[in-house]
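Residue numbers (the numbering used here), protein chains in the order written: chain A, 21 to 500; chain B, 2 to 155; chain C, 2 to 453.
Warning: the hint list may mix true and false statements.
No more than 27 Å apart at the CA atoms, straight line, and that leaves these computed lysine-lysine pairs for DSSO-like [to be verified]:
no. : chain 1 : residue 1 : chain 2 : residue 2
1   : C       : K300      : C       : K257
2   : A       : K385      : B       : K68
3   : B       : K23       : A       : K492
4   : C       : K267      : B       : K23
5   : A       : K474      : A       : K385
6   : B       : K68       : A       : K371
7   : A       : K478      : B       : K23
8   : A       : K456      : A       : K445
9   : A       : K429      : A       : K403
10  : A       : K471      : B       : K149
11  : C       : K158      : C       : K126
12  : C       : K453      : C       : K359
13  : A       : K456      : B       : K149
14  : A       : K456      : B       : K68
15  : B       : K149      : A       : K385
Source of the hints: derived by calculation from the structure; they are not laboratory data.
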Amino acid sequence: MAKLYVFGIGGTGSRTLRALTMMLASGVECKFDTVVPVIIDPDASAADMSRTVDAMTRYMEVRKSLDFNSANENRFFKTEICPIQDMSTFKLTLENTENVTFRDYMKTNQMDAASKALINMLFSQANLDSDMVVGFKGNPNIGSVVLNQFSTSDAYKAFSNNFEEGDRIFIISSIFGGTGASGFPLLLKTLRNDQTSQHWNYIKNAKIGAVTVLPYFSVEQDDNSGVDSSTFYSKTKSALAYYDRNITGNNSVNALYYIGDSMPASYKNHDGGSEQRNDAHMVELFAALSILKFAATPDNELDGKTQTYEYGIDTNDEDIKQVIFKDLGSETRRLIQKPLSMFLLMNKYMKNALASQYKFQPWAKDCGLDENFFTSQYYSDLKKFQDAYGIWLDELGRNKRSFKPFDEKRIVPLFDLVNGQKAHKIMWPLHDLFAKNYALMDSFLNTNWPKWNKTASKEQKFMELFYRATAKLTSKKYNF
Amino acid sequence: MEFFSLFYQLNVYGQDLFYHLKGWDNGMQDFVAANNQFPTIWLVTFLSAVAMFVVFYYILNHPRFNKFWHWLIALAVLAIGIFIWSRGLVLADITGASMHPVDPSLNISADNAMMFGVYNAVLSAIFFLFFSVIGRFGSKNCKNTPWKSLINRK
Amino acid sequence: MKTRNLFQILSIGISALLLTACINGTPGSSGNSAVNKNTPAVNVPTADPNAPQTSAATQETGVYPTTPNPVVNVYLEISGSMNGYVNGGTSTFQQVVKEYLSGINNAGFASAVNYYYVGSKITPKGNDLNNYITKLTPSSFGAAGGGATTDIGGLFKTILGNMDSNTISIFISDCIISPGSNTNTAAYARGQMTDVRDAIVSYTNQYEDLACLVYQFDSEFNGRYFDYQNHPRKVNMQRPFYIWVFGHTAHVAMMKLQYVPDKDFKVAPIRNQWIIFNTPLSALQDNNKYGLLLPNTAKNGQYVRKSGTELRTIQKAGDNYRFSFGANLLTAQFLMGDDYVEDTRNYKQMIGKAVKEKFYGEIEKDFNQSSPFSEIFRVDSDSPFQKGTFSLAFIPEVPDWAYECTDTDDRMFNGANDNKTYGLNNIFEGVFNGFNNGGHINILAQFDFEIK
């Protein structure tokens, strides 16, 4: 089975991978059965990265207990997410960046005077004095040097060894940051030009897609910080020019997706570390959509010149403050509307009704879902994942511009959940007319499903029940 | 016709009331089919139990109204309704306010009426229980009411 | 139900018999028919100039009367023993007979009324009542040719042999059997009984339906009394005499209930009476309902009434086992009297067609105006009732008074036997045996129950 390797570079990469993970968990369709995320971020403690890694790890844990054969309809957690084989982590570690300044990294003290002079010209003193533990702080010039070691790293070796013909690669980066801006071209160059790794020929000819995230946030002005968002646009311009020559110009990437936002959100100015925790933004979500789009594009459409795409939403309001499903294009809606809603309904039920109902409802009793099940590791992992999903949606909604397709804090009435979408009243069968909110969910969960796999495990049955019930529910309530 | 009176054979509410309800006509010194109230009584009792069963399991079929004590509530409503109706029926016969007044040769009092109400209420409860057990498996939300069903399709 | 007009009750049943045009069918409802009504038609007796007139309306093929106007033939025994009853018109005997016979004339139902004297032969006496009875004096009998002794059995044979189903025969006699010179009085008495029996059987073999009604009266008797050894002596005291009425049950019933009812006897009271017949009650009355009572009183017993004729689980009620049922014997009440109908001696437990044993229990009148029953039967048993069929049959017996009025030694009247008739029981037993002859049991009504 072909795999899709997704390199997420820097903070944007991590956050986009987080969005991708959430979407895949909710069952959004991915044409590749396996996604292999690789996070490239020298900032070892970046909070965004650790949140993403947590989510992906928990995703894997939950998915371990599930079965996706033809007897089961469930698509939650359908796509496999796993690290590169032989690697225990999703992170690609960069060596020699801890507790060293850039100057020391480059070993300038070992350089001759001419080289030293060149260095001093190219890099400011501040650059040279900066320590890189938190990445390149929006300085792609630093990043480009350091990330050059990429191709000789163990991670790359492992990647190459496991790369097969038919696999594809996708690179997520921001064009304005430090790590992403420098990493993307370097990585691409390595992929296309390296001839030392094991399967370099597969890699060289593999279909590669990339999403370049244009500025969508700024940081508050802070003179003590090495990050200055006023430089974002200028850096973007120079990077785009470079791309035009060296990325799209020479067709080294098969598809390039652009996305940004004109109303940049403003975040707290943190250099990085555990405090660089930015709220999820819909741009990351849409960037993740490009991965799925790339996965769904057949090979023959990716031949020849680089395909370029730009993402837009479907609204006439340029200053739209809060984006909901209705404001998205039909293709996006078709892809994510139903799965995200379904997963959220499951989330809400697990949070607000399950504890009081599992002892009484036929769906739980008949599947043997008892107290043991609901205190198991599997359920705990799933619950934690759902909590993370809820937080992710919450952040999306809090942000400027906000993406708030759901009124996810609402407990009842449950089906006013989808903003801008009025829920239909279910009139038939009669008993569904009388049942409201979580009771209606119970009623759907209690359905006698046709083609029910009686031999499935409890974990599978639980997921299957909720998948089928929420699928039917969203269909009847919202016509999704 | 014998079928209906079979359900009322137990001598709990008074033999004279049994004779009266079966249609004892003192002038004929025999049971007269036209006065036999057991078919009506049985049908009302039986059909009420069926109706309550259908309402509980298939019309209401509510996931929040499927615990054991909810079923008991339904049973109680049915039984109380049948009690009131049956007792009222006999009292009307005793006072002569109905189409089947009690013959003075039969010894029937308000106590008999009450006991008959109880008897018929218990009978309706039995019918309800019977249908609950055999007919509930098609009810998706209440199939495990009043207790776990052996039929498990999951 | 009981307040209904008596005529209405009976006329429906009896008229149906009288007026039935279907001469080959069985009259009345199918009930517990004691007599087989499906015998083929018999020959009509040929006319005999000296024989008593029979109804001209006799049908050729039918054995049932088709006329409501029968011929009435009256036979007065004129043996010497009857002398003492007549005294020229004022004796009770003469008055009673005159009253009865004029009542018959007044009712106007008879197509003809013929008077006869009977002794060793039958002597027609025309149609004049006065000549026939009122003017009689003791010497008249001698002139009429009455001998000293009477062969009662022979007279029964004669009279019954000279009638058909459209005739009513009335026989007036003292009914004293006279062994006379016969030393074996017992054998003679049995012989009389046999003659009477044969007379009945001979008639019923031919005409099937028969009723025998007998009234007992007392009258002054002043004259010669012949004892059983045929020795005369002067006697002046009250002595009994008997008026027998023979005929089709329908006719006799109409006479007793309508034409000359008991209340019309004003001269002297009827001391005793008896009627026996072989038409089942079900043919005489339209309501033949019988059924178990509800066991809802202590008196009725403790059992489960499954239906009118089915009961089970008979439990002890007090000292013994009992169940109760009601039956309509209203016609019998009117014809035979309440006491007779409520006498348990007249009922027998049957097994199949045979008598099993006597009836243990009580019979009382049903005073409940709305019930269809006239009598309530309480069946008792010391031991539990056996499961199966319980049958109770109403079989009229010789009444007690017949035995009480039988004299076994009439050579002297000592007070105790003043009003008794020598050998009377033989006549009554002869009648009874005539109706219960050759294994046939004269059941007038039967009540069957299933005990489970």
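Checking each numbered hint in turn, tell me which of them this model violates, lowest number first. 1, 3, 4, 7
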